[in-house]
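Chain by chain, the residues:
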Amino acid sequence: GIQVEQSPPDLILQEGANSTLRCNFSDSVNNLQWFHQNPWGQLINLFYIPSGTKQNGRLSATTVATERYSLLYISSSQTTDSGVYFCAVFSGGYNKLIFGAGTRLAVHP
Amino acid sequence: DAEITQSPRHKITETGRQVTLACHQTWNHNNMFWYRQDLGHGLRLIHYSYGVQDTNKGEVSDGYSVSRSNTEDLPLTLESAASSQTSVYFCASSGDRRATDTQYFGPGTRLTVL
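In the order they appear, the protein sequences are chains D and P. Letter by letter, the first sequence follows residues 172 to 280 in the numbering used here. Letter by letter, the second sequence follows residues 204 to 317 in the numbering used here.
For reference, chain P alone in the conformation it holds in the complex (with noise of 0.2 Å):
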């Protein structure tokens, strides 16, 4: 079965060190979204590409970087990890009408930036 995956589950950091999470998808969707999940946030989006090569910021994409060199797969970079940055992290993806088709999640990443 298809299906979309994240690693790690849990991370802990320490400050100004650069992180990476990866997301993986076998549905062959060419859209893919990082958000992160806040308490009193909801879920917000840090960065989405709609294909390979193509990439772009969402509403909290400072200190966050993205990079598409497949359909597979949209690595998630804290380049100088903050405590701010300590979160929930979904990964989810999508099929080709941009975001208006129905959007797949990630089990989700837990990171703590000590």
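So that you can see chain D by itself, here it is in the shape it has in the complex (with noise of 0.2 Å):
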């Protein structure tokens, strides 16, 4: 099946720097979805992005479905932003969404 793969699979950051998340898809995709899990499990839509580009706030994200990746761009990052975050892609072969593994973000005061 499609695999996704994210990295890194963990990161450490002061408040205040920068970020990128990568996701990593093996076969093509018919959306791709960015959620962020907060320390309590609650899982938050960020994104829906297919393709193209998109921004929320210090948040955006790429997708570069031909290339078959994503990114995630963190700035200011803030300790609010700590948690995991998980890339899932959607393929019309599998007619499923499936998450990737994680990173998890810890950002210190």
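Keep in mind that the hints were calculated from the coordinates and are not lab data. Virtual Cβ for every residue (Gly too), placed ideally from N, Cα, C. Hints may be right or wrong, so weigh each one.
[As the list claims (entries may be wrong)] Restraint-style ranges between C-beta atoms, simulated for each label pair: (1) I173/D to G254/P: 20 to 26 Å; (2) T258/P to Q249/D: 38 to 44 Å; (3) P210/D to R220/P: 28 to 34 Å; (4) N189/D to L317/P: 44 to 50 Å; (5) R220/P to N195/D: 37 to 43 Å; (6) E186/D to S283/P: 44 to 50 Å; (7) G172/D to L242/P: 17 to 23 Å; (8) R229/D to E206/P: 23 to 29 Å; (9) V291/P to Q249/D: 33 to 39 Å; (10) T305/P to T237/D: 20 to 26 Å; (11) T223/P to I173/D: 29 to 35 Å; (12) T258/P to H279/D: 41 to 47 Å; (13) L317/P to Q226/D: 43 to 49 Å; (14) T280/P to G172/D: 24 to 30 Å.
Combine both chains into one complex, guided by the hints.
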């Protein structure tokens, strides 16, 4: 089946730093979503981004579907950004959303 | 506001017992999904439904079943709970265009099987 790989697996930042999270996928996909799982376990949708670039405040995402990767940018990180960031892709061939293993981010004051 | 809820939030049961986890959404979404989350595996799809009376197996469906009798609810049943089913379970829903729409997640149910 389709493989979704996220990097890095763990990331530690000082408050105010910028970071880039990467998601690679092994096959063509119909959509791609980024989620944030906060320390309380809640999964929050960040972006629905099958292609192109989107921005929401300090967060932005870019998906290059032809090269099978997506990037999530976090600028001026805050402690509330801590948690796990998941990339998930939907492949029409498999008819389901498939999650990567996540990037665990810790932002220290 | 529309939402998706799960109950119970925490459950402890014994090996061999039948357990049902509830999921209820008020988005009026056709599509509903059950995932389990385990360390080292991320989220894995258990079962999903694209509408009333429709159910489909995901990648880790053994030992689980679902039924969809109305739009709002997709209960997940563990027929005979096993310790390997100790996990956090998430329900999700999405709009009409199958799973290509954004999925919205419930708060999760932490299940412990002793």
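For each hint, the structure was consulted:
Distance hint for I173/D and G254/P: a CB-CB separation of about 24 Å, consistent with the stated range 20 to 26 Å. Look at T258/P against Q249/D: about 41 Å separates their beta carbons, and that is inside 38 to 44 Å. A C-beta distance of roughly 31 Å is found between P210/D and R220/P, which places it inside the suggested range of 28 to 34 Å. The given range of 44 to 50 Å is respected by N189/D and L317/P, whose C-beta atoms sit roughly 45 Å from each other.
In this structure the hint that R220/P and N195/D lie 37 to 43 Å apart at CB holds, the actual value being about 41 Å. Restraint check, E186/D to S283/P: a C-beta distance of roughly 48 Å satisfies the suggested window 44 to 50 Å. Against the hinted window of 17 to 23 Å, the Cβ-Cβ separation of G172/D and L242/P comes to about 21 Å, which satisfies the hint. Separated by about 26 Å at the C-beta atoms, R229/D and E206/P satisfy the suggested range of 23 to 29 Å.
Our hint of 33 to 39 Å for V291/P and Q249/D is violated, since their Cβ atoms are close to 26 Å apart. Here the CB-CB span from T305/P to T237/D is close to 23 Å, well matched to the stated 20 to 26 Å. Hint check: T223/P to I173/D, Cβ distance near 31 Å, so the stated range 29 to 35 Å holds. Distance hint check for T258/P and H279/D: the Cβ-Cβ separation is about 45 Å, which falls inside the suggested range of 41 to 47 Å.
At roughly 47 Å, the beta carbons of L317/P and Q226/D sit within the given window of 43 to 49 Å. At about 25 Å, the CB distance of T280/P to G172/D agrees with the hint of 24 to 30 Å.
In the structure shown, a violation is registered for the earlier hint numbered 9 alone.
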